[in-house]
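K.L.:
Given next are the chains, with one letter for each unit.
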Amino acid sequence: MSLSVKHLLGIKELQQQDIEQIFQTADNFKQVLQRSIRKVPALRDTTIVNLFFENSTRTRISFELAEKRLSADTVNFSSSGSSVSKGETLIDTVKNILSMKVDMIVMRHSASGAPWFLAKHVDASIINAGDGTNEHPTQALLDAYSIREQLGSLKGKRVTIIGDIMHSRVALSNIFCLSKLGAEVTVSGPPTLIPKHIQDLGVRVEYDVKKALEWCDVANVLRIQLERQHKPLFSTLREYAIYYGVNKQMLESLQRDIIIMHPGPINRGVEINSDVADSKHSIILNQVENGVAIRMAVIYLLSGKRDLVD
Amino acid sequence: MRVNIRQAIIIGAPSHNDKAADIFIENGVITAIAPAIDKKADVVVAAEGLHVSAGWVDVFADYREPGYEHKETISSGLNAAAAGGFTDVFLTPNTEPVAAGKSVIQYILQKAQGHTTSVHPLGAVSQNAEGKVLAEMLDMHTHGAIAFTDGWKPVQNTNLFLKALEYAKAFNGVLLQIPVDNSLASGGLMHEGTVSTRLGMAGIPTLAETLFVHRDIELLRYTNGRLHITGLSSAESVAMIRRAKADGLDVTCSVTPYHLALTDEALAGYDSLYKVSPPLRTEADRQALIVGLADGTIDCIATHHRPHEWDAKAKEYEYAADGMNIQEVAFNVLLQATGNQVALGTLINALTTNPRRIFGLQQPVIAEGSPASLTLFSRYGDTVINRENKRSAGYNNPFAGILLPGSVIGIINNNNIHLNK
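Line by line, the protein sequences are chains A and B. Residue numbering for the first sequence follows the working numbering, beginning at 392 and increasing consecutively. Residue numbering for the second sequence follows the working numbering, beginning at 2 and increasing consecutively.
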């Protein structure tokens, strides 16, 4: 069994069976991570480069840990801003690295579609670790995996995504992933942060966060980018926190318990209050834990290696 | 030199309109048109389905000399134009220095001498095309500028554009404008719609275009000047111009071959070859543009030929340059895009009589005794332009290597002949 794709560029290109297969493989790796020796030899002699053209802490660490747990050799390349600003093109940067016999590329980039562009020009498998405002596929996989862990199946479940939908690759990948797995999705937030045509992707739009929470089984609260304040997209963080932030009082007013997720890093007191982030409703740290198993599964399946641990 | 064009269907000839005849040309002058001419010729042109019309006009193209000769020189551009069937090309002021004064206008005209295709430089509306202060349009007009535009930097300041429309009235000048409101379009990477949402790319709303079409039509109504809107991309724009024409305003417009041929679905693979401004829009928009061309709302074809070196496009979509290198395949793309929806005569009018009428160029007559300014083409045959046979210096032709319908046989103009193959 292998995936229907050579690269993990976006969820939009995956089949439902691909996602199921990644989840089953992640189940195995999650068991590995509970053992006393949390490492498998599957990717000995495979070299992976983590190319981060945009700042990242948790995604980069999660990928690096996943690679090391698979016994792959890893190389890290970080550069703030684009490769263009450094004077070297993306193709040149990557081809230089590949000539040193690197097998796989994990890339984060500020430009939407950059991994698709790269895939046309290089042979190695590419894993998209976030591209512009487009996709963050491993985040969506680990989010869906975490929901599956809590609720058994995604089918028919209701998920609300709250916040800056317009600029969020997490939101877009989540919409694709959840839809492919049979969940229903509502997006919520200020109208200026919700793309005008988002309903064409089969999601509901609800500007009232309270109503969106009442509707759902799971709420995925997105980080609000502080710099968006200076573009005419919303007024102040204060107003945002009051009308779009998720707090304990709001959750307690609901008819039933819902699961709270956040891709991190959290702006406490803005999009989510500490009394929610640290509550029993929150599975934020489970998401982080599952991120390693999901990334191990993706890397392993794309590597083409067959000797999976029992 | 004597040229005999055998059994060509002549479009727009006073005597032999739409009939097959031989055309004999001696030293650049048509000396005979008859059912069969059996005179000795240096060049004999014959082809299946051969048509002859007045030479074609492209009202908006970029050659980048002076300043950006690595993208396209006047010479390489004119060779591409000839291969594409164009006898007359209007060049944007997108040069360095900007064609915003008579010296650059004269330089371009002088560089184009000796070519089969004629050049008609477009002067800038504002100094350095910065949209702040009016350029010396009258002086440029006197020295050969055919019309005025700030090219890919449409004039944003409403008052400046109003004054420019008024100022050009003194010499019956036409202003060309690509309708884009930068405050709505900036940051956008493609048409805002379902596809941009799916691709996670920032959108350029149709509103960024329609607001400016509306603004400029109202400025025209106020000034009674002359306006040509180029690069229409949306159904709403076509409808607005149709209404403005019905109101009797002197507004005309042009469309690119690629807006007639492609939609935003072409961007599904984030391929920067399809990154153009204004952006490719929806199938409904494309169909409305075709209808607009067919019913005469759209007057002209503007290739928006915008050549770039390979490196300008071989990068992340967001960072890649705008524009398509398309002059050589413009006719083939037009044929493919419009199919049976636009009559051949209508399409040829948009390439010949309409632009000459709007911009005040003399209409060539296909009759004995007239100088030959002709395009020879066929709806039959196939054309493939690739890296080996292309004339343009640019590398950004998304139709490269693709088999396209129809063929341009060549052009005769300026007492020169250019034949493809």
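Calculated from the structure, these hints are not laboratory results. Among the hints, erroneous ones may be present.
What the hints assert, rightly or not - Cross-link-like lysine to any residue pairs, in silico, SDA-like; alpha carbons within 25 Å at most:
1. K20/B - Y381/B
2. K622/A - R199/B
3. K511/A - G189/B
4. K671/A - K622/A
5. K511/A - K316/B
6. K316/B - S470/A
7. K486/A - S278/B
8. K492/A - K316/B
9. K397/A - K316/B
10. K622/A - P206/B
11. K587/A - S278/B
12. K546/A - H512/A
13. K459/A - D494/A
14. K511/A - H398/A
15. K511/A - G132/B
16. K391/B - H512/A
17. K587/A - G270/B
18. K587/A - D272/B
19. K316/B - V396/A
Said to hold, decoys possible - DEER-style ranges, computed between Cβ atoms:
20. E131/B - D483/A: 29 to 37 Å
21. T583/A - V292/B: 31 to 39 Å
22. A171/B - T583/A: 41 to 49 Å
23. V513/A - Q157/B: 37 to 45 Å
24. Q157/B - K587/A: 54 to 62 Å
25. V292/B - K587/A: 23 to 31 Å
Built from N, CA and C at the ideal position, the CB exists for glycine as well.
K.L.:
Does each hint hold? Answer for all of them.
P.N.:
Status of each hint after checking the structure:
{"no.": "1", "hint": "K20/B - Y381/B", "in the structure": "17 Å, holds"}
{"no.": "2", "hint": "K622/A - R199/B", "in the structure": "23 Å, holds"}
{"no.": "3", "hint": "K511/A - G189/B", "in the structure": "24 Å, holds"}
{"no.": "4", "hint": "K671/A - K622/A", "in the structure": "36 Å, violated"}
{"no.": "5", "hint": "K511/A - K316/B", "in the structure": "11 Å, holds"}
{"no.": "6", "hint": "K316/B - S470/A", "in the structure": "17 Å, holds"}
{"no.": "7", "hint": "K486/A - S278/B", "in the structure": "31 Å, violated"}
{"no.": "8", "hint": "K492/A - K316/B", "in the structure": "23 Å, holds"}
{"no.": "9", "hint": "K397/A - K316/B", "in the structure": "21 Å, holds"}
{"no.": "10", "hint": "K622/A - P206/B", "in the structure": "17 Å, holds"}
{"no.": "11", "hint": "K587/A - S278/B", "in the structure": "21 Å, holds"}
{"no.": "12", "hint": "K546/A - H512/A", "in the structure": "38 Å, violated"}
{"no.": "13", "hint": "K459/A - D494/A", "in the structure": "15 Å, holds"}
{"no.": "14", "hint": "K511/A - H398/A", "in the structure": "11 Å, holds"}
{"no.": "15", "hint": "K511/A - G132/B", "in the structure": "39 Å, violated"}
{"no.": "16", "hint": "K391/B - H512/A", "in the structure": "23 Å, holds"}
{"no.": "17", "hint": "K587/A - G270/B", "in the structure": "22 Å, holds"}
{"no.": "18", "hint": "K587/A - D272/B", "in the structure": "24 Å, holds"}
{"no.": "19", "hint": "K316/B - V396/A", "in the structure": "23 Å, holds"}
{"no.": "20", "hint": "E131/B - D483/A: 29 to 37 Å", "in the structure": "34 Å, holds"}
{"no.": "21", "hint": "T583/A - V292/B: 31 to 39 Å", "in the structure": "35 Å, holds"}
{"no.": "22", "hint": "A171/B - T583/A: 41 to 49 Å", "in the structure": "46 Å, holds"}
{"no.": "23", "hint": "V513/A - Q157/B: 37 to 45 Å", "in the structure": "40 Å, holds"}
{"no.": "24", "hint": "Q157/B - K587/A: 54 to 62 Å", "in the structure": "23 Å, violated"}
{"no.": "25", "hint": "V292/B - K587/A: 23 to 31 Å", "in the structure": "26 Å, holds"}
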